[in-house]
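**Student:** These protein sequences, in sequence, are chains A and B. Using UniProt numbering, the letters of the first sequence map in sequence onto residues 1 to 367. Using UniProt numbering, the letters of the second sequence map in sequence onto residues 1 to 318.
Please note that the accuracy of each hint is not assured.
Said to hold, decoys possible - List time: in silico BS3-like cross-link candidates among lysine-lysine, alpha-carbon distance up to 30 Å:
#: 1; chain 1: A; residue 1: Lys346; chain 2: B; residue 2: Lys316
#: 2; chain 1: A; residue 1: Lys240; chain 2: A; residue 2: Lys6
#: 3; chain 1: A; residue 1: Lys215; chain 2: A; residue 2: Lys6
#: 4; chain 1: B; residue 1: Lys248; chain 2: A; residue 2: Lys241
#: 5; chain 1: B; residue 1: Lys248; chain 2: A; residue 2: Lys240
#: 6; chain 1: A; residue 1: Lys214; chain 2: A; residue 2: Lys188
#: 7; chain 1: A; residue 1: Lys223; chain 2: B; residue 2: Lys316
#: 8; chain 1: A; residue 1: Lys188; chain 2: A; residue 2: Lys174
#: 9; chain 1: A; residue 1: Lys215; chain 2: A; residue 2: Lys174
#: 10; chain 1: A; residue 1: Lys346; chain 2: A; residue 2: Lys8
#: 11; chain 1: A; residue 1: Lys8; chain 2: B; residue 2: Lys316
#: 12; chain 1: A; residue 1: Lys215; chain 2: A; residue 2: Lys240
#: 13; chain 1: A; residue 1: Lys6; chain 2: B; residue 2: Lys316
#: 14; chain 1: A; residue 1: Lys8; chain 2: A; residue 2: Lys165
#: 15; chain 1: B; residue 1: Lys174; chain 2: B; residue 2: Lys122
#: 16; chain 1: A; residue 1: Lys8; chain 2: A; residue 2: Lys223
#: 17; chain 1: A; residue 1: Lys6; chain 2: A; residue 2: Lys223
#: 18; chain 1: A; residue 1: Lys223; chain 2: A; residue 2: Lys240
Claimed, not checked - Ranges of calculated distance between the beta carbons of each label pair, as one might list FRET restraints:
#: 19; chain 1: B; residue 1: Trp159; chain 2: A; residue 2: Lys240; range: 44 to 50 Å
#: 20; chain 1: B; residue 1: Asn92; chain 2: A; residue 2: Phe135; range: 34 to 40 Å
#: 21; chain 1: A; residue 1: Asp34; chain 2: B; residue 2: Thr129; range: 45 to 51 Å
#: 22; chain 1: B; residue 1: Leu299; chain 2: A; residue 2: Met50; range: 53 to 59 Å
#: 23; chain 1: A; residue 1: Ser169; chain 2: B; residue 2: Gly276; range: 27 to 33 Å
#: 24; chain 1: B; residue 1: Phe135; chain 2: A; residue 2: Leu227; range: 23 to 29 Å
#: 25; chain 1: A; residue 1: Asp34; chain 2: B; residue 2: Gln189; range: 18 to 24 Å
It is worth saying that the hints were derived from the structure and are not from the lab. The beta carbon of each residue, even a glycine, is placed where N, CA and C say it ideally should be.
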Amino acid sequence: MRVSPKAKNILVPIIAVIAGFLVGAVIMLLWSYDPIEAYSSMFQSALGSMNGVGETIREATPLIFTAIGFQIASAAGFFNIGLPGQAQAGWLASVWFALANQNMPSYLLVPLEIIIGVVAGAVVAGIAGVLRAYFGTNEVIVTIMLNYVVLYSCQYLMQQTMSSKLRISTDSTKTVVNGSLQVGWLTKMFGYSRINTGIFMAIIALVIFWFLMKKTTTGFEIKSVGLNPFASRYAGMSAKKNIIVSMLLSGAFAGMGGVIQGLGTYQNYFTQTASVDIGFDGMSVALLGAGSALGIFLAALLFSILKIGGLGMQTLAGIPYEIVSIVIAAIIFFVGIKYVIELLFKNKTPQTIEATGTTGTGKEGEA
Amino acid sequence: MSIVSMLALIVSSSLVYAAPMIFTSIGGAFSEHSGIVNVGLEGIMTMGAFASIVFNLTFAHTFGNATPWLGALVGGIVGLLFSILHAVATVNWRADHIISGTVLNLMASPLAVFLIKAIYNKGQTENITANFGNFSFPVLAQIPILGPIFFENTSAPAWVAIVLAIFMWWLLYKTRFGLRLRASGENPQAADTMGVNVYAMRYAGVLISGFLGGVGGAVFAQAISGNFSVSTIVGQGFMALAAMIFGKWDPIGAMLSSIFFGFAQSLSIIGNQLPGFSHIPSVYLQIAPYVITILVLVLFLGKSVAPAADGQNYIKSK
Chain A
1 MRVSPKAKNI LVPIIAVIAG FLVGAVIMLL WSYDPIEAYS SMFQSALGSM NGVGETIREA
61 TPLIFTAIGF QIASAAGFFN IGLPGQAQAG WLASVWFALA NQNMPSYLLV PLEIIIGVVA
121 GAVVAGIAGV LRAYFGTNEV IVTIMLNYVV LYSCQYLMQQ TMSSKLRIST DSTKTVVNGS
181 LQVGWLTKMF GYSRINTGIF MAIIALVIFW FLMKKTTTGF EIKSVGLNPF ASRYAGMSAK
241 KNIIVSMLLS GAFAGMGGVI QGLGTYQNYF TQTASVDIGF DGMSVALLGA GSALGIFLAA
301 LLFSILKIGG LGMQTLAGIP YEIVSIVIAA IIFFVGIKYV IELLFKNKTP QTIEATGTTG
361 TGKEGEA
Chain B
1 MSIVSMLALI VSSSLVYAAP MIFTSIGGAF SEHSGIVNVG LEGIMTMGAF ASIVFNLTFA
61 HTFGNATPWL GALVGGIVGL LFSILHAVAT VNWRADHIIS GTVLNLMASP LAVFLIKAIY
121 NKGQTENITA NFGNFSFPVL AQIPILGPIF FENTSAPAWV AIVLAIFMWW LLYKTRFGLR
181 LRASGENPQA ADTMGVNVYA MRYAGVLISG FLGGVGGAVF AQAISGNFSV STIVGQGFMA
241 LAAMIFGKWD PIGAMLSSIF FGFAQSLSII GNQLPGFSHI PSVYLQIAPY VITILVLVLF
301 LGKSVAPAAD GQNYIKSK
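Excised from the complex, chain A in its bound form (with noise of 0.2 Å):
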């Protein structure tokens, strides 16, 4: 088949996608489970009532901001694997200084402690930037040792330094009330699912990661320092500068991927055993969103399905969950191995570009 480049951008995601559901499907058939059956209740529960949409819409918002946080950091050439330390210390800070803050008044105490839980996340992300910055540390090394010690931490932080009064038992917080980001009129119109105003504020930065990215000077440094950091330093660009301004934004964004999960769904903070999952899942939704603000809103909306679903899959099914991590970790390796899936279409003349990009929509619907 013959496509033009840019539909070739549109087209490997979605034969990703098919692809990964197929190996989802080839692995149940052989334990013999049914997958049409597997796949039929999945996305009934997920899409098939107010419920489940809400809650996949809940799933979705803070894979949004770790997913931008992961693209920031990758634009500018550094692989962030400290999501998960960088989310957990957001979510913490920010519902550790909401409990202590219990009587001020909400329009006051909601910036406020999203910007602490921002500040925590970008914190511990810049530890890894300055270190790479000044020292030349490996920022995988640093960002993968300080996931660990943010898990320790907190558990130790929560256990012994915070009063005894915030805790209803070693192991969780009391309950956010005043502070909370779920609304009554948006919780009812979906159901009583979990969904909050992070939606809002995850459309909001999917914009101001578009503009960032796009059209101010600090996108295009780092993106210039990404492609060619020798070329940047001769057209006057601080590499340093950008290390360190890059990390800080994408552990900002990662930090308040923590503040959604911990203000938003649980409303609470609760001994952590492993990384926080939205970590790794922001990374491959980055992945499969192939960087750009509307491919993550995709990527993190069909990841939400998956997981959400899986859950109802079942129950309603019976087939272990893990069935949908194998189906994530799939799409991500035909995503990566993008150079195979290319070889399938040349590139063609530009008159019939119109005919594919209709094509290339309706199989997005099909996925």
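Start from chain A and add chain B according to the hints.
**Tutor:** The following block gives chain B in isolation, referenced to the frame of chain A:
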């Protein structure tokens, strides 16, 4: 507690925790020397741990005391098979090494837990009966002072790993195979011009890392965790990756830094048995290995010294 028995406790528990990381980090070094970055060690270890536990539970009554060793072998083979995914994606299909390695990590634990659920109808296996346990060297354990510290009730897999590290160092730096492998990671064009099969060398590097990573996971499962669940391998692969970088991509360096990490990890576990450590809040001992790693990287290693073409796809011209 006497000084000797205290040292013996520290050394033996350090070695127990070091053993899985030694195997895995040596594997990582081979992959990276061939030019393929392998951040998927964590996933490979998970598959190795999974396979060894299933093997161990199934065949413990058939093979008796040899079961854990055979389990390690099975873990290695499954790790090798799993790593083929990474090799094909990066060598032939030009995938980004980090993305492909991340896929191994994303894929391994759901796949393993799915299979556990499909086989045993529950998410966690029973505890194995035949594990590595303690081992005392026949003659060496009789040496005064040194014997009890190093050779009595110690970890046999760790000593195998230490000997293996020396052998792998020799293989990497003193043989024709090692030279070709390193050439593929330093300058694949030049290596290709001299008749080295770069693709084959890179496959060799990744598959060695798959085998040793699988062995590492199997050793962890059969010496430390004793069963398999979603939380069996949580970060050991990343620690092995750090140990490899900490050891400057050298098998013996990786082995030494693994022992150091093992020591740091065991402190948080045996710390309350040691005088002077018991009143330190446990969080400091828990985060110590990670903080120390960062500090050492900053203070002593500085700029990374990875093989020059590490992480770059080599596309052979027609």
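**Student:** Mind checking the alpha carbons of A:Lys223 and B:Lys316 for me, to see if they're no more than 30 Å apart?
**Tutor:** holds, 29 Å
**Student:** Would you check the hint for A:Lys8 and A:Lys165, treating anything up to 30 Å between C-alpha atoms as holding?
**Tutor:** Violated: A:Lys8 and A:Lys165 sit about 57 Å apart, past 30 Å.
**Student:** Between the beta carbons of A:Asp34 and B:Thr129, is the distance compatible with 45 to 51 Å?
**Tutor:** violated, 37 Å
**Student:** Against the range 18 to 24 Å, how does the distance between the Cβ atoms of A:Asp34 and B:Gln189 compare: consistent or not?
**Tutor:** With Cβ atoms ~51 Å apart, the hint is violated.
**Student:** Would you mind confirming whether the straight-line C-alpha gap from A:Lys215 to A:Lys174 stays at or under 30 Å?
**Tutor:** Status violated; Cα separation ~43 Å.
**Student:** So if I understand the rule, the pair passes when the alpha-carbon distance is 30 Å or less; does A:Lys8 with A:Lys223 pass?
**Tutor:** The hint holds at about 22 Å.
**Student:** With 44 to 50 Å as the target window, see if B:Trp159 and A:Lys240 comply at their CB atoms.
**Tutor:** At 46 Å between Cβs, range holds.
**Student:** A range of 27 to 33 Å was offered for this pair. Does it hold for the Cβ distance of A:Ser169 and B:Gly276?
**Tutor:** This hint holds: roughly 32 Å between Cβ atoms.
**Student:** Is it true that the CA of A:Lys215 sits at most 30 Å from the CA of A:Lys6?
**Tutor:** holds, 21 Å
**Student:** Does A:Lys174 sit within 30 Å of A:Lys188, going by the straight-line distance between their CA atoms?
**Tutor:** Roughly 23 Å separates the two Cα atoms, so the pair holds.
**Student:** Within a Cα-Cα threshold of 30 Å, do B:Lys248 and A:Lys241 meet the stated pairing?
**Tutor:** Holds, at roughly 28 Å.
**Student:** Could you grab the alpha-carbon distance between A:Lys6 and B:Lys316 and see if it respects the 30 Å cut-off?
**Tutor:** Holds, at about 27 Å.
In summary, the structure is inconsistent with hints 2, 6, 9, 14, 15, 21, 24 and 25 from the numbered list given earlier, while agreeing with the others.
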